[in-house]
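Asker: Please put together the full structure from these sequences, using the hints given.
Here's the letter readout for the chains.
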Amino acid sequence: MSHTLPIEVQLDQTECCGSGLCASIAPTAFRLDTSGVAVVLDTAATTDRDVLVRAAKNCPTLCITLTDNGSEIDLF
Amino acid sequence: MTGVLTTLRAGDPGLVVVGGGIAGLRTVQTVRSAGYTGRVTVVAAERHLPYDRPPLSKQVLTGELAPEAPVYHGAEYFADLGIDLMLGQQARRLDVERRVLHVGDAGGGELTVPYSAVVIATGARPRRLPCAEPPEGVHVVRTVEDAAGLRAELLTGPQVAVVGAGFIGAEVASSARALGLDVTVIESAASPLARAIGQSMGDLLGGLHARNGVRLVCGRGVTGLHGTDRVEGLLLDDGTSVAADLVVVGVGVVPDVEWLADSGLPLDDGVACDEYLRAGRSEVLGAGDAVSWPNRSPGRDAYRTRSQQWTTAGDQGRHVAEVLVYGADAAGPFEHDLYFWSDQYGVKIQGAGLLNRDAALLELRPDRSRLVAAYRDADRLGGVLTVNHPKEFRRLRALAAAGAPWSQIAPREMSLADDLSGGDAA
Numbered sequence: 001m002s003h004t005l006p007i008e009v010q011l012d013q014t015e016c017c018g019s020g021l022c023a024s025i026a027p028t029a030f031r032l033d034t035s036g037v038a039v040v041l042d043t044a045a046t047t048d049r050d051v052l053v054r055a056a057k058n059c060p061t062l063c064i065t066l067t068d069n070g071s072e073i074d075l076f
Numbered sequence: 001m002t003g004v005l006t007t008l009r010a011g012d013p014g015l016v017v018v019g020g021g022i023a024g025l026r027t028v029q030t031v032r033s034a035g036y037t038g039r040v041t042v043v044a045a046e047r048h049l050p051y052d053r054p055p056l057s058k059q060v061l062t063g064e065l066a067p068e069a070p071v072y073h074g075a076e077y078f079a080d081l082g083i084d085l086m087l088g089q090q091a092r093r094l095d096v097e098r099r100v101l102h103v104g105d106a107g108g109g110e111l112t113v114p115y116s117a118v119v120i121a122t123g124a125r126p127r128r129l130p131c132a133e134p135p136e137g138v139h140v141v142r143t144v145e146d147a148a149g150l151r152a153e154l155l156t157g158p159q160v161a162v163v164g165a166g167f168i169g170a171e172v173a174s175s176a177r178a179l180g181l182d183v184t185v186i187e188s189a190a191s192p193l194a195r196a197i198g199q200s201m202g203d204l205l206g207g208l209h210a211r212n213g214v215r216l217v218c219g220r221g222v223t224g225l226h227g228t229d230r231v232e233g234l235l236l237d238d239g240t241s242v243a244a245d246l247v248v249v250g251v252g253v254v255p256d257v258e259w260l261a262d263s264g265l266p267l268d269d270g271v272a273c274d275e276y277l278r279a280g281r282s283e284v285l286g287a288g289d290a291v292s293w294p295n296r297s298p299g300r301d302a303y304r305t306r307s308q309q310w311t312t313a314g315d316q317g318r319h320v321a322e323v324l325v326y327g328a329d330a331a332g333p334f335e336h337d338l339y340f341w342s343d344q345y346g347v348k349i350q351g352a353g354l355l356n357r358d359a360a361l362l363e364l365r366p367d368r369s370r371l372v373a374a375y376r377d378a379d380r381l382g383g384v385l386t387v388n389h390p391k392e393f394r395r396l397r398a399l400a401a402a403g404a405p406w407s408q409i410a411p412r413e414m415s416l417a418d419d420l421s422g423g424d425a426a
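Protein sequence lines correspond, in order, to chains A and B.
Residue 2 in the numbering used here sits at position 2 of the first sequence; the count goes up by one each step and never skips.
Residue 116 in the numbering used here sits at position 116 of the second sequence; the count goes up by one each step and never skips.
To be clear, the hints were calculated from the coordinates, so they are not data collected in a lab.
The reader is advised that the hints may include incorrect statements.
As the list claims (entries may be wrong) - Pulled a few chain A residues facing chain B out of the computed Cβ check, cut under 7 Å:
no., residue
1, C17
2, S19
3, G20
4, S24
5, P60
6, F76
Said to hold, decoys possible - Here are the simulated distance ranges between beta carbons:
no., chain 1, residue 1, chain 2, residue 2, range
7, A, Q13, B, G180, 35 to 45 Å
8, B, R98, A, T67, 51 to 61 Å
9, A, R31, B, S282, 30 to 40 Å
10, A, V39, B, H226, 49 to 59 Å
11, A, A45, B, A106, 38 to 48 Å
12, A, T28, B, T2, 41 to 51 Å
13, B, D329, A, V37, 20 to 30 Å
14, A, T67, B, H226, 48 to 58 Å
15, B, L179, A, T28, 24 to 34 Å
16, A, N69, B, S407, 36 to 46 Å
17, B, A404, A, A45, 37 to 47 Å
18, B, R215, A, N69, 35 to 45 Å
To be verified - From the structure, some residues in chain B lie toward chain A, with a derived Cβ separation under 10 Å:
no., residue
19, L25
20, Y77
21, F340
Here a beta-carbon is modelled for each residue, glycine too, at the ideal position from N, C-alpha and C.
Answerer: Here you go:
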């Protein structure tokens, strides 16, 4: 029996520029906090993989890292 | 030392920020996080809450984001921070002696807004083709209305011509191509992006157009438009024409500072600020695309520049807030590496530092799906440009910021000709 582990979502807040694009593309995974920096939401784990990848690829500073089953997802 | 805002008394008019873009937003967020509790007013010409402009030439055109303003925060966010928003109000005049801003709305209403300190962050507007009454179908991309109108027309399947092969032009061309449209890009310079990233990298990244089925015509200026009611094409300075039902003009921006003409503030390529972003007076500061300032990079003399980068604008907004709250000495001079990014043809371009020169390639995949280039500034690493390589970008950007010697990266330099042989054959 197989099961799928959730994708691990990491966001480097020191690199985040606060564009909010991740939150626009994947509102169940990210939002801008009150200081204007993006944070990862608990519901990121249940967000569709393709949506997470689009959010990560569109990040202006590429500060989002996605890990699937222990290995980093190659965005490009 | 303390800043202008910390010397205010109850009842003083407080901080007025003119402009609702990223520079204005970061200014008001930062004065609050720095502990200023007095009045804050943002006066913005657009009717929208502050929104993210960069996606307008990318994700909004391709349909990845809806063609409505991608706002950073809702109205309650500003209410919670105690920030008054005056939206849809155009700045008309600044009286620096009386410390009053004059504004007007589209309906002819006029208001005066007193201030204790003012931040000029009115940004810039796109340069247009010099014709009195352009026919229908000629677009620029600056506001969400621009992008929504352009997106709607792109969906009708037009033949597209883009004037200007800078980053905005390239992103619009890429977005139109992603929608399956026939696209031609016309650039007046001999190489695309030469002023931004130097000729060698400009030629290399300009190759993305052809690789993705977009025609790029360089070294040709646009001298006229065909069509009376609706645009039918462009006339070029060699007498040839390019057929197009839709024209997008991406030939740079003009700082929105005409309203300051009689203010007495120094104007030179926008509001001419000092290294602390002050505009000739301690209570008048500037941030964003509307200002020039003497920028500095490691080991270099300062040079007056006007950034048109989103990141610089936001960082300037933070900086003016710190000058206003902590004082100029504590905040220090504003220095920036002018970081930018561009999404086009499925790749992510990142750049920072002094890039207006030829570069050394450190890594290149022939199809441009990965590129690392380093820019030399005398005996130092002056700047970096990458495609799809954020880790290497971060490493080299930090080295450049630290003034790392060129010898630290030069041994890995490779020859442009070697790596491209065969790669461009198709």
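Asker: How does the Cβ-Cβ distance of R31/A and S282/B compare with 30 to 40 Å: does it lie in that range?
Answerer: 37 Å, holds
Asker: Return holds or violated for the Cβ distance of T67/A and H226/B against the range 48 to 58 Å.
Answerer: Since the Cβ atoms of T67/A and H226/B sit about 54 Å apart, the hinted range of 48 to 58 Å holds.
Asker: Holds or violated: the 37 to 47 Å window for the beta-carbon distance between A404/B and A45/A?
Answerer: 40 Å, holds
Asker: That 41 to 51 Å hint for T28/A and T2/B (C-beta), does it hold up?
Answerer: 44 Å, holds
Asker: Measuring from the C-beta of S24/A to each C-beta in chain B, is the shortest one below 7 Å?
Answerer: 5 Å, holds
Asker: Would the hint on Y77/B be counted as holding, given a Cβ-Cβ threshold of 10 Å to chain A?
Answerer: Holds - the Cβ of Y77/B comes within 10 Å of chain A, reaching about 7 Å at its closest.
Asker: Given a hinted range of 51 to 61 Å, is it respected by the beta-carbon distance of R98/B and T67/A?
Answerer: 59 Å, holds
Asker: Falls inside 20 to 30 Å, the C-beta gap from D329/B to V37/A?
Answerer: 27 Å, holds
Asker: Please test the hint of 49 to 59 Å on the beta carbon pair from V39/A and H226/B.
Answerer: Once the Cβ atoms are compared, 51 Å apart, the range 49 to 59 Å for H226/B and V39/A holds.
Asker: Regarding the hint that S19/A lies at the interface with chain B, is the smallest CB-CB distance below 7 Å?
Answerer: Since chain B brings a Cβ to about 5 Å from S19/A, closer than 7 Å, the hint holds.
Asker: Could one say that the CB atoms of L179/B and T28/A fall in the range 24 to 34 Å?
Answerer: Roughly 27 Å apart at Cβ, these two residues keep to the hinted range, so it holds.
Asker: Within 35 to 45 Å or not, the Cβ separation of R215/B and N69/A?
Answerer: Given range 35 to 45 Å: holds, Cβ gap about 44 Å.
In the structure shown, no violation is registered for any of the earlier numbered hints.
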